[in-house]
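Top to bottom, those sequences are chains A and B. Following this note's numbering, the numbering of the first sequence begins with 45 at its first residue and continues without gaps. Following this note's numbering, the numbering of the second sequence begins with 43 at its first residue and continues without gaps.
Simulated from the structure, these hints should not be mistaken for lab results. One thing to keep in mind: the hints can contain errors.
Unchecked claim - Derived CB-CB ranges, DEER-like:
#1 A:203 <-> B:161: 37 to 45 Å
#2 B:152 <-> A:216: 22 to 30 Å
#3 A:50 <-> B:64: 32 to 40 Å
#4 A:139 <-> B:245: 21 to 29 Å
All C-beta atoms in this analysis are idealised placements derived from N, C-alpha and C, irrespective of residue type, glycine included.
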Amino acid sequence: MTGDTTASAVLTRGFWRDNPVFVQVLGMCPVLAVTNTVENSLVMGLATSFVLVASAIIVSLTRRVIPRQVRIASYILIIATFVTMADYIIQAVSLEIHRALGAFISLIVVNCIILGRAEAFSSRNPVFKSVLDAVGMGIGFTFAIVALGTIRELLGSGTWMGWDVLGPSFEPWVIMVLPGGAFFVLGLLLFLVNVIGERR
Amino acid sequence: MTGPTTQPAETSGLQMILVMGVVGLIASLALVGTFRATAPRIAANRAAYLQESLSKVADPNSTFTPMMAGEESWRDAQPTDIGARVFFGYREDSLTGIAVEASGTGYQDVIRILYGYDPACECVVGMTVLESKETPGLGDKIEKDAVFLANFEALVVAQGGVPSPVTMVKRGEKTSPWEIDAISGATVSSQAVTDMLAASTATLVRDLGRLGFPPVPARPDSIAALTAEPAAAPGSTQPNPQ
Numbered sequence: 045m046t047g048d049t050t051a052s053a054v055l056t057r058g059f060w061r062d063n064p065v066f067v068q069v070l071g072m073c074p075v076l077a078v079t080n081t082v083e084n085s086l087v088m089g090l091a092t093s094f095v096l097v098a099s100a101i102i103v104s105l106t107r108r109v110i111p112r113q114v115r116i117a118s119y120i121l122i123i124a125t126f127v128t129m130a131d132y133i134i135q136a137v138s139l140e141i142h143r144a145l146g147a148f149i150s151l152i153v154v155n156c157i158i159l160g161r162a163e164a165f166s167s168r169n170p171v172f173k174s175v176l177d178a179v180g181m182g183i184g185f186t187f188a189i190v191a192l193g194t195i196r197e198l199l200g201s202g203t204w205m206g207w208d209v210l211g212p213s214f215e216p217w218v219i220m221v222l223p224g225g226a227f228f229v230l231g232l233l234l235f236l237v238n239v240i241g242e243r244r
Numbered sequence: 043m044t045g046p047t048t049q050p051a052e053t054s055g056l057q058m059i060l061v062m063g064v065v066g067l068i069a070s071l072a073l074v075g076t077f078r079a080t081a082p083r084i085a086a087n088r089a090a091y092l093q094e095s096l097s098k099v100a101d102p103n104s105t106f107t108p109m110m111a112g113e114e115s116w117r118d119a120q121p122t123d124i125g126a127r128v129f130f131g132y133r134e135d136s137l138t139g140i141a142v143e144a145s146g147t148g149y150q151d152v153i154r155i156l157y158g159y160d161p162a163c164e165c166v167v168g169m170t171v172l173e174s175k176e177t178p179g180l181g182d183k184i185e186k187d188a189v190f191l192a193n194f195e196a197l198v199v200a201q202g203g204v205p206s207p208v209t210m211v212k213r214g215e216k217t218s219p220w221e222i223d224a225i226s227g228a229t230v231s232s233q234a235v236t237d238m239l240a241a242s243t244a245t246l247v248r249d250l251g252r253l254g255f256p257p258v259p260a261r262p263d264s265i266a267a268l269t270a271e272p273a274a275a276p277g278s279t280q281p282n283p284q
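So that you can see chain A by itself, here it is in the shape it has in the complex:
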């Protein structure tokens, strides 16, 4: 998570090299819990990205003001504020999606990716780079959970974003929409990412 600190490197490393899900293996609670459909995954990815970017801006702006002793408490307060704002906004946009995501929106507060980036990056870097880092990590997180959601929804329901893809003759694999299926798919994707990483 160190090394090249050019703007483009900071932006892109979250997508693959330091992907928060596939490489850092952070934020496993939403990764396993809400990826049963692509739509849920996408909304969770976008909501998490919003909180990541917004908290990165504030944490970076206040990095010289907030004493080290109270920094974690302050970060949690800042993150919780943005999560609650995201919660209201999702309710205003679609109650259906809000119901589908349930308690997991509130649990974005304790997503290790957000607190981790605030502590490891935003609190030590200027605003512009912090935003790039947050955007990169947000895209990486969204990409990873949408990938999981795609596999689980296709195999578990035969659909993608609700559209019937595999036809009426397809027998859904019920395990894929259950928590067990999330572990199988995550394990498989971690394996593939490691294999590709080693070959490079």
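With chain A's structure known, arrange chain B on it following the hints.
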């Protein structure tokens, strides 16, 4: 409070409290602002969703008045009654049907439903799930399984004012009009719906026997009263008829 904080160890307690206080104050203002900006839209979404659900289980062209059974008569429902309200549907001064909220614990979390009740046949005439976090692919079939939902098209819940024993049976073994055909692989969720319906309908039948029907509201002419009041408290419904 004395100079820049280049040496973290020298940060005073007062400074820490001050910083936390300022962060908390700004956070509070941001939350209040967001709440005020989104509250009308959220209330409208909830009202529209409730109206849509009411239309599924009762006459869609009726005006619904949310009530609660009191000691001696029906009273207007309050926001704290959400989850157990009885909606009386009226059209042109006559009662068209009753819709009732019920809730109970499912496999994952609380399930909230809304069902339509026809006092003439003493039966449930429709059921829709308002809120559920049941397992996708299994428990959430209580919202979509056609055979399961068909149970609630004419489920007899009372005979002559006496509640019927609403019970769940295995798929395909339904023989009585008060039995509910379960969903294979989602018996906990099916049982939860059965239990909440049995309890809620028994209470409703008793309340209707005890209190009769509430008087027809003076102004039952505002058909879209539920959606016409976007600034109402979340989930609350139309203003009291004058």
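Going down the list of hints, with the structure as the test:
no.: 1; hint: A:203 <-> B:161: 37 to 45 Å; verdict: holds, 41 Å
no.: 2; hint: B:152 <-> A:216: 22 to 30 Å; verdict: holds, 27 Å
no.: 3; hint: A:50 <-> B:64: 32 to 40 Å; verdict: holds, 34 Å
no.: 4; hint: A:139 <-> B:245: 21 to 29 Å; verdict: holds, 28 Å
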